[in-house]
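Peer 1: Protein chains in written order, with numbering that gives the first Met the number 0: chain Z, 0 to 362; chain D, 0 to 362.
Don't take every hint at face value.
Identical copies look the same in the list; a pair holds intra-copy or inter-copy alike.
25 Å max Cα-Cα, derived PhoX-like pairs, lysine-lysine [unchecked claim]:
#  : residue 1 : residue 2
1  : Lys213    : Lys130
2  : Lys236    : Lys326
3  : Lys326    : Lys130
4  : Lys235    : Lys115
5  : Lys271    : Lys11
6  : Lys51     : Lys124
7  : Lys258    : Lys51
8  : Lys11     : Lys51
9  : Lys236    : Lys112
10 : Lys124    : Lys223
11 : Lys51     : Lys213
12 : Lys115    : Lys236
13 : Lys51     : Lys315
14 : Lys112    : Lys235
15 : Lys122    : Lys223
16 : Lys139    : Lys124
17 : Lys326    : Lys51
18 : Lys258    : Lys213
19 : Lys165    : Lys213
20 : Lys223    : Lys236
Bear in mind the hints are in silico, worked out from the structure with no lab data behind them.
2 protein chains.
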Amino acid sequence: MEQTTTTFTDTKINFCPGPATLPRIAVLEAARGIVNYEDTGLSVLEISHRSKEFEAIFEEARALVKEILGLGEEYAVLFLTGGASMQFCMVPYNLLPDNGTAAYLDTGVWSVKAIKEAEVFGKTKVIATSKKFDYTFIPKEYLLYSSYAYLHITTNNTVCGTQIHKMPTTSIPIVADMSSDIFSQQRDYSQFDLIYAGAQKNLGPAGTTLVIVKKDILGRVERKIPSMLNYQTHIKKPIFNTPPVFAIYTCLLTLRWIKSRGIKQIEADNRKKSTMLYEEIDRNPLFKGIARPEDRSMMNATFTTINKAHEPLFLKFVEAAGCVGLKGYRTFGGFRASMYNAMPVEGVATLVDLMQEFERTHG
Amino acid sequence: MEQTTTTFTDTKINFCPGPATLPRIAVLEAARGIVNYEDTGLSVLEISHRSKEFEAIFEEARALVKEILGLGEEYAVLFLTGGASMQFCMVPYNLLPDNGTAAYLDTGVWSVKAIKEAEVFGKTKVIATSKKFDYTFIPKEYLLYSSYAYLHITTNNTVCGTQIHKMPTTSIPIVADMSSDIFSQQRDYSQFDLIYAGAQKNLGPAGTTLVIVKKDILGRVERKIPSMLNYQTHIKKPIFNTPPVFAIYTCLLTLRWIKSRGIKQIEADNRKKSTMLYEEIDRNPLFKGIARPEDRSMMNATFTTINKAHEPLFLKFVEAAGCVGLKGYRTFGGFRASMYNAMPVEGVATLVDLMQEFERTHG
Numbered sequence: 000m001e002q003t004t005t006t007f008t009d010t011k012i013n014f015c016p017g018p019a020t021l022p023r024i025a026v027l028e029a030a031r032g033i034v035n036y037e038d039t040g041l042s043v044l045e046i047s048h049r050s051k052e053f054e055a056i057f058e059e060a061r062a063l064v065k066e067i068l069g070l071g072e073e074y075a076v077l078f079l080t081g082g083a084s085m086q087f088c089m090v091p092y093n094l095l096p097d098n099g100t101a102a103y104l105d106t107g108v109w110s111v112k113a114i115k116e117a118e119v120f121g122k123t124k125v126i127a128t129s130k131k132f133d134y135t136f137i138p139k140e141y142l143l144y145s146s147y148a149y150l151h152i153t154t155n156n157t158v159c160g161t162q163i164h165k166m167p168t169t170s171i172p173i174v175a176d177m178s179s180d181i182f183s184q185q186r187d188y189s190q191f192d193l194i195y196a197g198a199q200k201n202l203g204p205a206g207t208t209l210v211i212v213k214k215d216i217l218g219r220v221e222r223k224i225p226s227m228l229n230y231q232t233h234i235k236k237p238i239f240n241t242p243p244v245f246a247i248y249t250c251l252l253t254l255r256w257i258k259s260r261g262i263k264q265i266e267a268d269n270r271k272k273s274t275m276l277y278e279e280i281d282r283n284p285l286f287k288g289i290a291r292p293e294d295r296s297m298m299n300a301t302f303t304t305i306n307k308a309h310e311p312l313f314l315k316f317v318e319a320a321g322c323v324g325l326k327g328y329r330t331f332g333g334f335r336a337s338m339y340n341a342m343p344v345e346g347v348a349t350l351v352d353l354m355q356e357f358e359r360t361h362g
Numbered sequence: 000m001e002q003t004t005t006t007f008t009d010t011k012i013n014f015c016p017g018p019a020t021l022p023r024i025a026v027l028e029a030a031r032g033i034v035n036y037e038d039t040g041l042s043v044l045e046i047s048h049r050s051k052e053f054e055a056i057f058e059e060a061r062a063l064v065k066e067i068l069g070l071g072e073e074y075a076v077l078f079l080t081g082g083a084s085m086q087f088c089m090v091p092y093n094l095l096p097d098n099g100t101a102a103y104l105d106t107g108v109w110s111v112k113a114i115k116e117a118e119v120f121g122k123t124k125v126i127a128t129s130k131k132f133d134y135t136f137i138p139k140e141y142l143l144y145s146s147y148a149y150l151h152i153t154t155n156n157t158v159c160g161t162q163i164h165k166m167p168t169t170s171i172p173i174v175a176d177m178s179s180d181i182f183s184q185q186r187d188y189s190q191f192d193l194i195y196a197g198a199q200k201n202l203g204p205a206g207t208t209l210v211i212v213k214k215d216i217l218g219r220v221e222r223k224i225p226s227m228l229n230y231q232t233h234i235k236k237p238i239f240n241t242p243p244v245f246a247i248y249t250c251l252l253t254l255r256w257i258k259s260r261g262i263k264q265i266e267a268d269n270r271k272k273s274t275m276l277y278e279e280i281d282r283n284p285l286f287k288g289i290a291r292p293e294d295r296s297m298m299n300a301t302f303t304t305i306n307k308a309h310e311p312l313f314l315k316f317v318e319a320a321g322c323v324g325l326k327g328y329r330t331f332g333g334f335r336a337s338m339y340n341a342m343p344v345e346g347v348a349t350l351v352d353l354m355q356e357f358e359r360t361h362g
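Work out the full structure: start from the sequences and follow the hints.
Peer 2: This is how it looks when you write it as structure tokens:
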């Protein structure tokens, strides 16, 4: 008989862009599962992926994804690996014919990476880009031809902090990289034909990638696809090879938390947090926002100090107060506050207080 | 301030073929890291993969792999995802030219899967196979031409319980799937040009795959390789995208345990465990081994009851005594005792006792 006791001192407010803060209840339950999974006398790290215990975890997680997003039988839910970066390659591998063209909306570095991988397999057409404007807004005017194999969009852009608030409507399949905003708001998720998301923002720890695919868009490409990279392999045999058991288990714990709060309430909280922060960015004479207001992200708020000399001072100030992960992406510098589902309203309120305090001391 | 207390009742002996039993110290430390990673006030599930904390984990893990295996600067150590199954495709993607031929030694179902994926990219030559004999031995006679792009071997075969005890010597690059026996014994690991291993047997939890590659064998294939599937991407930029942070952390904890015991002692224990079990299989009139004695695996012992009617009875008997994961692979039925590094000698001794007890009651 061994015992482990650990004390969690909740001293940090984690604004990291991902891996990111997770619901406390999921973190503690995950730790318990590692020591002794549901009184099996085994760690969740040691159970077989063919055991009834894991099968139950896997099926509940897949069912919850569909239930929460309101999706039907025509969709398959897969837990793969390799992050969104692997999807940048799997999407064209499975959907872009050798002589076909895929349309990409270029809204930032993640779109650019996705485009680069698609070019290994076929032609790409960048239908619109805000690159010349440092991706500070979402381009809204573009032409879509029905001959495109699919349209790829990045619904939320973590680097500049922009988000697509009005989805394109088109008859061609829509593929959406939702790595940073899935489960964060109500949406008609059935308007998408393929959704993918690295888990490490709103869903769980790094180590698994959620893919939701409408089955009828598959099987139209003639090339040979390696088994692991073929969506149909994983649809036919959901546990094709050893999956990342623990990462999927922690996703399940997070999905249960999402379900218990309800996506409506989660969206309301996310709106409250982001509104509170953007209002302060706009009000406080020492700061300014980076993204154009109409395209601001509810997940990642980017801002900078008006006086460049304030930047390191403010960073030091918030870090001393226990806020971590606020340093902006290298492209823009400044600050980025990532406020995914598990970030409490109080966490953002603390940041707003710190901005006001900084104004009093440095204004 | 929150506190979590969990009691670990050590009631099970885990003979699962993988995910498998892990060192207790690694499991408990992993649980502590989830609650509060080294007093950062953050869970290891929530730290950024760009943080100094994760960089330290990553670099120590990579260095320990080389140190334990005695490998030099000419090798790169990568922690990828997708398991050995993804390597079945990445190996030929990176090493097999369109018009080239790769040699495969077919020693079981895992070799067959590897061969199938290689055929997507080029030609394969099965230099020898024991398929007609249900893979109960390792073929030892074969011809190797210097024109082959590489020779692929599976050093340990979990299904039938065979293991290559004498490695082939050849001037062509040797690629070894060591998923089930890496770190289990002293070996001249520098005789291999590429080694891969899913973590979930001797290295850590499911969710990461160790790849060790001699850098000079890369870059000889002309095809376009998607970034995530190109070994050179991960060599140039070791944290190319978000890696499976927690799985790598738990591998590090296991690597520290391996280092502290020493691979020599680990091998001695593994030899002791397997000798003890095989001696009982050969002695006990109620059981017989499946694999040919000279090729028996030190990791996975396969055996069956001589009287078919005893099979379900013995399984029930050992399960009642707390042994899990002993049911054999569907091909052979019977039993498979997986005895990876973290299986204590006492665990195997208990199984031997149970076989003797079964003999007394059913002989």
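Peer 1: Does each hint fit the structure? Answer for all of them.
Peer 2: Now the hints, each set against the structure:
Taking the shortest Cα distances, Lys213 and Lys130 never come within 25 Å of each other, neither inside one copy (31 Å) nor across copies (39 Å). Taking the shortest Cα distances, Lys236 and Lys326 sit within 25 Å of each other only across copies (22 Å), while inside one copy they are farther apart (42 Å). In this assembly of identical chains, Lys326 and Lys130 lie within 25 Å of each other by CA distance solely inside one copy; the values are 22 Å within and 58 Å between copies. Only between protomers do Lys235 and Lys115 lie at most 25 Å apart by alpha-carbon distance; the minimum there is 18 Å, versus 29 Å within a single protomer.
Proximity of Lys271 to Lys11 under the C-alpha cut-off of 25 Å is restricted to the intra-copy arrangement: shortest distance 21 Å within a copy versus 48 Å between copies. Taking identical chains as interchangeable, the C-alpha atoms of Lys51 and Lys124 are never at most 25 Å apart, the minima being 46 Å within one chain and 39 Å between chains. Taking the shortest alpha-carbon separations for Lys258 and Lys51, only the intra-copy value of 23 Å comes in at or below 25 Å, while the best inter-copy value is 34 Å. For a Cα distance limit of 25 Å, the shortest separation of Lys11 from Lys51 across copies, 16 Å, qualifies, whereas the shortest one inside one copy, 37 Å, does not.
Taking identical chains as interchangeable, the C-alpha atoms of Lys236 and Lys112 lie at most 25 Å apart only when they sit on different chains, with a minimum of 15 Å there against 29 Å within one chain. With identical chains, the CA atoms of Lys124 and Lys223 are at most 25 Å apart both within one copy (24 Å) and between copies (19 Å). In this assembly of identical chains, the alpha carbons of Lys51 and Lys213 never lie at most 25 Å apart, being 27 Å within a copy and 40 Å across copies at closest. Taking CA atoms no more than 25 Å apart as the test, Lys115 paired with Lys236 passes between copies only; the shortest distance there is 17 Å, against 30 Å inside one copy.
In the homo-oligomer, the alpha carbons of Lys51 and Lys315 lie at most 25 Å apart only across protomers (17 Å), although the nearest pairing inside one protomer, at 50 Å, exceeds that limit. Proximity of Lys112 to Lys235 under the C-alpha cut-off of 25 Å is restricted to the inter-copy arrangement: shortest distance 17 Å between copies versus 29 Å within a copy. Both within a single protomer and between protomers do Lys122 and Lys223 lie at most 25 Å apart by alpha-carbon distance, with minima of 18 Å and 14 Å respectively. For the identical chains of this complex, Lys139 and Lys124 are intra-copy neighbours only, at 16 Å inside a copy versus 54 Å across copies, given an alpha-carbon limit of 25 Å.
With identical chains, the CA atoms of Lys326 and Lys51 are at most 25 Å apart between copies only, with a shortest distance of 14 Å across copies and 44 Å within one. In this assembly of identical chains, Lys258 and Lys213 lie within 25 Å of each other by CA distance solely inside one copy; the values are 23 Å within and 47 Å between copies. Proximity of Lys165 and Lys213 under a CA criterion of 25 Å is satisfied intra-copy only: 21 Å inside one chain copy versus 49 Å between copies. Only within a single protomer do Lys223 and Lys236 lie at most 25 Å apart by alpha-carbon distance; the minimum there is 18 Å, versus 29 Å between protomers.
Of the hints listed earlier, those the structure fails to meet are numbers 1, 6, 11, in rising order.
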